[in-house]
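First to last, the sequence lines map onto chains Y and L. Letter by letter, the first sequence follows residues 0 to 229 in numbering that gives the first Met the number 0. Letter by letter, the second sequence follows residues 0 to 219 in numbering that gives the first Met the number 0.
Worth flagging that the hints you see were computed from the coordinates, not collected in a lab. Keep in mind it's a predicted model, so treat the numbers as computed, not measured. Where hints are given, some of them may not hold.
Stated by the list, open to error - Among the chain Y residues that face chain L by a calculated CB cut under 8 Å, a handful are:
1. Glu105
2. Phe117
3. Phe174
4. Gln215
5. Arg226
6. Val228
Think of the CB as a built atom: it goes at the ideal place given N, C-alpha and C, for glycine as much as any other residue.
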Amino acid sequence: MIDKVVPNVHIALSGIKDGMTLMLGGFGLCGIPENSIAELVKMKTTRLTCISNNAGVDDFGLGLLLKGKQVKKMISSYVGENEEFERQMLSGELEVDLIPQGSLAERCRAAGSGIPGFYTPAGYGTEVAEGKEVKFFKEKAYVLETALEADFAIVKAWKGDAAGNLIYKATAKNFNPVMAMAGKITVAEVEELLPVGVLDPNQIHTPGIFVQRIFQGKTFEKRIEQRTVR
Amino acid sequence: MLDKVGIAKRIAQELEDGFYVNLGIGIPTLVANYVPKDISIEFQSENGILGMGPFPIEGTEDADLINAGKQTITALDGAVYFDSATSFAMIRGRHVQLTVLGAMEVSEDGDIANWKIPGKMVKGMGGAMDLVASAENIIVAMMHTNKEGESKILKKCTLPLTGLGCVKKIVTNLAVMEVMSVGGLKLLERAPGVTVQEIQAATEASLLVNGEIPEMQLVS
Numbered sequence: 000m001i002d003k004v005v006p007n008v009h010i011a012l013s014g015i016k017d018g019m020t021l022m023l024g025g026f027g028l029c030g031i032p033e034n035s036i037a038e039l040v041k042m043k044t045t046r047l048t049c050i051s052n053n054a055g056v057d058d059f060g061l062g063l064l065l066k067g068k069q070v071k072k073m074i075s076s077y078v079g080e081n082e083e084f085e086r087q088m089l090s091g092e093l094e095v096d097l098i099p100q101g102s103l104a105e106r107c108r109a110a111g112s113g114i115p116g117f118y119t120p121a122g123y124g125t126e127v128a129e130g131k132e133v134k135f136f137k138e139k140a141y142v143l144e145t146a147l148e149a150d151f152a153i154v155k156a157w158k159g160d161a162a163g164n165l166i167y168k169a170t171a172k173n174f175n176p177v178m179a180m181a182g183k184i185t186v187a188e189v190e191e192l193l194p195v196g197v198l199d200p201n202q203i204h205t206p207g208i209f210v211q212r213i214f215q216g217k218t219f220e221k222r223i224e225q226r227t228v229r
Numbered sequence: 000m001l002d003k004v005g006i007a008k009r010i011a012q013e014l015e016d017g018f019y020v021n022l023g024i025g026i027p028t029l030v031a032n033y034v035p036k037d038i039s040i041e042f043q044s045e046n047g048i049l050g051m052g053p054f055p056i057e058g059t060e061d062a063d064l065i066n067a068g069k070q071t072i073t074a075l076d077g078a079v080y081f082d083s084a085t086s087f088a089m090i091r092g093r094h095v096q097l098t099v100l101g102a103m104e105v106s107e108d109g110d111i112a113n114w115k116i117p118g119k120m121v122k123g124m125g126g127a128m129d130l131v132a133s134a135e136n137i138i139v140a141m142m143h144t145n146k147e148g149e150s151k152i153l154k155k156c157t158l159p160l161t162g163l164g165c166v167k168k169i170v171t172n173l174a175v176m177e178v179m180s181v182g183g184l185k186l187l188e189r190a191p192g193v194t195v196q197e198i199q200a201a202t203e204a205s206l207l208v209n210g211e212i213p214e215m216q217l218v219s
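I would like the entire structure built from these sequences, with the hints used as guidance.
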């Protein structure tokens, strides 16, 4: 067993420097690595490029990094819930690359799978396809999208073991497994860190080979963005 | 004229037994409340669930269980969770039979715009571009006109496009229209109490009106 355990978030994120590209898992505020985001705020790292489906809300998630002007560029699919984001984007302070959600996921998966590019129908005929190669297969148009790489991928899982194997809970899975594959260094923060042999190998979602560092998060606020009830 | 619930009820009539269905944010989400009792369908939400159930009972909300609109939901028996790449494999791979989504504008060629107003509002496309580029059957749920009374059913979209020539059917507060394969829209049904003339006046796109246009039949 190759032991991936690090004692805390501080050591887990060591090596992250100004100007680096980070992938951060989560969909909205669901399944985000909130301990790591809090640590990034403390580290005051700047000029970051963040690849994440969303940009958090004004006072939680990636919104905290935006507020501190730590982010130079966001690569996301949907950023609708964050006023500060919209302000920085419309004023030109923040570079934003909006890409279709499925392409975002596949570009992460491709990076982790040794596939430099792929053709997808998403975005054909729209501004998303501008400047990109278009190819026809069976008379339908497809756009060439390339793999998205990251210096660090930071993911959040429900359970993990010392070997870096991960299990996610419910829809907190979302982008975490594909981003875990894509990081040059992948850091996993988990709610519950277990010794090897406890997790059933049949049930593991992310094999530990994709994870370089794993730690148990101190606290998980797990904020709900849209609390809806019957 | 229909309200949002009426639009959702009319779209629910398009559901067929055995369909996997993806519902967008807004009016489309309401469709889930009006599934005919005699058919079985499953809802897919692109953040990673098949077998999405109703909103939770107060006190049982789970931050780890949401839909693509970030609303807390429940999972029905037989539900399954998956990652975002697998989710869009279902969508691009045409394993999902019907997509219902909202729009800011639709054109008579079936183009749709729903993600950006340059200089004003940029929320992003989310999964909409993947959905419209791939789904075999796309129904748009929208209001026929904007707040100023101007048509949102146009000859050409003025806003940045989400997808090209992909919409098959449009259900609005005034009418049901089909996008014809040769281009142009065909009026299929009128909303209760709405005349063909009123629909024509509210539609900038070319609208084929062939014979008597029936009124929508909505069960209450």
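Results of checking the hints against the structure:
no., hint, in the structure
1, Glu105, "holds, 6 Å"
2, Phe117, "violated, 10 Å"
3, Phe174, "holds, 5 Å"
4, Gln215, "violated, 17 Å"
5, Arg226, "holds, 6 Å"
6, Val228, "holds, 4 Å"
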